[in-house]
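Produce the entire structure from the sequences given, and follow the hints as far as they go.
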Amino acid sequence: MEYRVMGRCGHSVSVFGIGTMRLPLRIQKDGSTNYGSIDEQKAIDMIRQGIDQGVNYIDTAYTYHQGNSERVLGKALKRGYRERVNIATKLPVWKVKSADDFDRILNEQLEKLQVSSIDFYLLHALSKKPWQRLKEMGVLDFLNRARQDGRVKHVGFSFHDQLPVFKEIVDSYDWDMCQIQLNLLDEEFQAGVAGMRYAADKGLGVVVMEPLRGGALAQKVPADIQAHWSQYRVNRSPAEWAFRWLANFPEVSVILSGINNLEQLNENVSIFSKTSPHMLTTEESDLINQVQMLYREKIKVGCTGCQYCMPCPSHVDIPEIFRLYNQVFLYDDLASSQTAYQELIKQKSDASQCVACGQCESLCPQNLSIIEKLAEADDVLRT
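Take the sequence shown: its position 29, counting from 1, is numbered 29 in this note's numbering, and each next residue is one higher.
Keep in mind that a hint or two might mislead.
As the list claims (entries may be wrong) - Here are the simulated PhoX-like pairs of lysine-lysine, each with C-alpha atoms no more than 20 Å apart in a straight line: (1) K29 <-> K42; (2) K112 <-> K42; (3) K75 <-> K97; (4) K112 <-> K153; (5) K29 <-> K75; (6) K167 <-> K129; (7) K300 <-> K373; (8) K220 <-> K300; (9) K128 <-> K167; (10) K29 <-> K78; (11) K97 <-> K129; (12) K167 <-> K202; (13) K97 <-> K135; (14) K135 <-> K167; (15) K128 <-> K95; (16) K95 <-> K129; (17) K42 <-> K95; (18) K373 <-> K298; (19) K112 <-> K75; (20) K220 <-> K298; (21) K42 <-> K78; (22) K112 <-> K95; (23) K298 <-> K274.
Claimed, not checked - Computed spacing ranges between beta-carbons, pair by pair: (24) M1 <-> E343: 20 to 26 Å; (25) T383 <-> C357: 22 to 28 Å; (26) D100 <-> V234: 53 to 59 Å; (27) K348 <-> N34: 30 to 36 Å; (28) T281 <-> K348: 48 to 54 Å; (29) A227 <-> T281: 43 to 49 Å; (30) G138 <-> D52: 54 to 60 Å; (31) S12 <-> Q338: 24 to 30 Å; (32) W94 <-> T383: 35 to 41 Å; (33) D100 <-> Q359: 21 to 27 Å; (34) T281 <-> R8: 29 to 35 Å.
Calculated directly from the structure, the hints in this document are not laboratory data.
Please read these numbers as outputs of a predicted model, since none were measured by experiment.
Note that CB positions come from ideal geometry on N, CA and C, so glycine has one too.
What follows is the structure in structure tokens.
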């Protein structure tokens with residue numbers, strides 16, 4: 001396992017960090033799954049095996065798996081595993097209604113995790129308006145107090161907005177680290193590569209989320225893109241190429257991968273045992289540039305399936321609709337996407353159920369024009 005330094009705080013962290021937003025789920029009697037129902041034993045075994053193989057950074061959040069991710073992680077870190085890892089979790093800023101909520105939520109998280117201190121505590125999904133509101137409510141005083149009393153060791157924020165807002169936030173406080181979305185399709189999206197370098201130059205550790213764009217860069221790769229990957233003399237999976245592109249940046253401290261089975265875990269451990277900064281050759285960089293161009297021509301909606309827009313008050317399954325819409329063009333697969341969409345129509349969770357209330361757009365960290373894109377998707381997917 002490769003290890004890097006987390007900015008000015010100096011912690012040695014595994015470049016592969018386990019993300020717990022997509023833990024394995026229990027299969028219901030009817031064969032369905034529920035995002036809040038984690039298969040606890042599988043998740044615990046997987047997390048512990050990751051730690052045994054050298055992972056020492058695990059990321060969770062108050063809202064992951066409908067509030068159950070922190071609880072399951074707390075169970076996984078029993079039997080001496082807590083002392084071997086850095087825990088990162090997040091304050092759900094959209095749930096903060098008054099200054100009293102800062103301490104209430106943090107204390108609840110400590111209880112669910114069954115720990116006395118959190119290594120990295122992040123303000124979750126910051127953008128311009130929430131940032132201004134939190135400052136007025138005294139969030140920086142709260143962070144200072146939480147560090148001083150030992151409940152939190154280091155502080156940071158995760159980010160979903162434009163680069164100027166990112167720089168403003170970086171410059172506003174003595175942060176230890178930040179978490180940004182970055183992958184080989186999102187070089188200039190939100191903070192992007194420029195933000196990564198800006199934060200690193202200021203001494204912040206940089207943690208990367210969505211390295212596979214919600215799994216899209218690793219699953220069912222289009223034939224023309226796979227043909228480009230296959231040109232190279234070394235056989236590498238698309239996921240490995242995506243991870244290597246990120247690991248090539250020395251400014252990146254941790255790359256989060258949301259795993260849900262042991263196969264994914266072992267693949268990631270293997271990949272990150274062979275990474276290092278500045279490792280890409282000119283030939284490899286050129287190949288990645290070609291693939292980036294091909295992908296950007298295909299994607300219709302930049303949705304990563306983060307679920308922040310859900311639940312929709314009209315029961316529209318927004319992430320699934322966008323997944324099916326993109327799949328048509330990414331995989332040249334209209335028939336199967338339309339078939340799957342028929343199931344959403346039967347369940348009355350298709351795009352036609354949208355009443356344009358706008359709640360989803362106010363919550364979307366990607367700032368997508370969801371209402372407009374739902375209509376576009378419905379035109380393509382409805383047979």
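Here is how each hint holds up against the structure:
no.: 1; hint: K29 <-> K42; in the structure: 18 Å, holds
no.: 2; hint: K112 <-> K42; in the structure: 19 Å, holds
no.: 3; hint: K75 <-> K97; in the structure: 29 Å, violated
no.: 4; hint: K112 <-> K153; in the structure: 18 Å, holds
no.: 5; hint: K29 <-> K75; in the structure: 25 Å, violated
no.: 6; hint: K167 <-> K129; in the structure: 15 Å, holds
no.: 7; hint: K300 <-> K373; in the structure: 9 Å, holds
no.: 8; hint: K220 <-> K300; in the structure: 17 Å, holds
no.: 9; hint: K128 <-> K167; in the structure: 11 Å, holds
no.: 10; hint: K29 <-> K78; in the structure: 30 Å, violated
no.: 11; hint: K97 <-> K129; in the structure: 14 Å, holds
no.: 12; hint: K167 <-> K202; in the structure: 10 Å, holds
no.: 13; hint: K97 <-> K135; in the structure: 13 Å, holds
no.: 14; hint: K135 <-> K167; in the structure: 16 Å, holds
no.: 15; hint: K128 <-> K95; in the structure: 16 Å, holds
no.: 16; hint: K95 <-> K129; in the structure: 14 Å, holds
no.: 17; hint: K42 <-> K95; in the structure: 30 Å, violated
no.: 18; hint: K373 <-> K298; in the structure: 15 Å, holds
no.: 19; hint: K112 <-> K75; in the structure: 9 Å, holds
no.: 20; hint: K220 <-> K298; in the structure: 14 Å, holds
no.: 21; hint: K42 <-> K78; in the structure: 15 Å, holds
no.: 22; hint: K112 <-> K95; in the structure: 17 Å, holds
no.: 23; hint: K298 <-> K274; in the structure: 31 Å, violated
no.: 24; hint: M1 <-> E343: 20 to 26 Å; in the structure: 41 Å, violated
no.: 25; hint: T383 <-> C357: 22 to 28 Å; in the structure: 27 Å, holds
no.: 26; hint: D100 <-> V234: 53 to 59 Å; in the structure: 56 Å, holds
no.: 27; hint: K348 <-> N34: 30 to 36 Å; in the structure: 18 Å, violated
no.: 28; hint: T281 <-> K348: 48 to 54 Å; in the structure: 52 Å, holds
no.: 29; hint: A227 <-> T281: 43 to 49 Å; in the structure: 20 Å, violated
no.: 30; hint: G138 <-> D52: 54 to 60 Å; in the structure: 41 Å, violated
no.: 31; hint: S12 <-> Q338: 24 to 30 Å; in the structure: 50 Å, violated
no.: 32; hint: W94 <-> T383: 35 to 41 Å; in the structure: 37 Å, holds
no.: 33; hint: D100 <-> Q359: 21 to 27 Å; in the structure: 25 Å, holds
no.: 34; hint: T281 <-> R8: 29 to 35 Å; in the structure: 31 Å, holds
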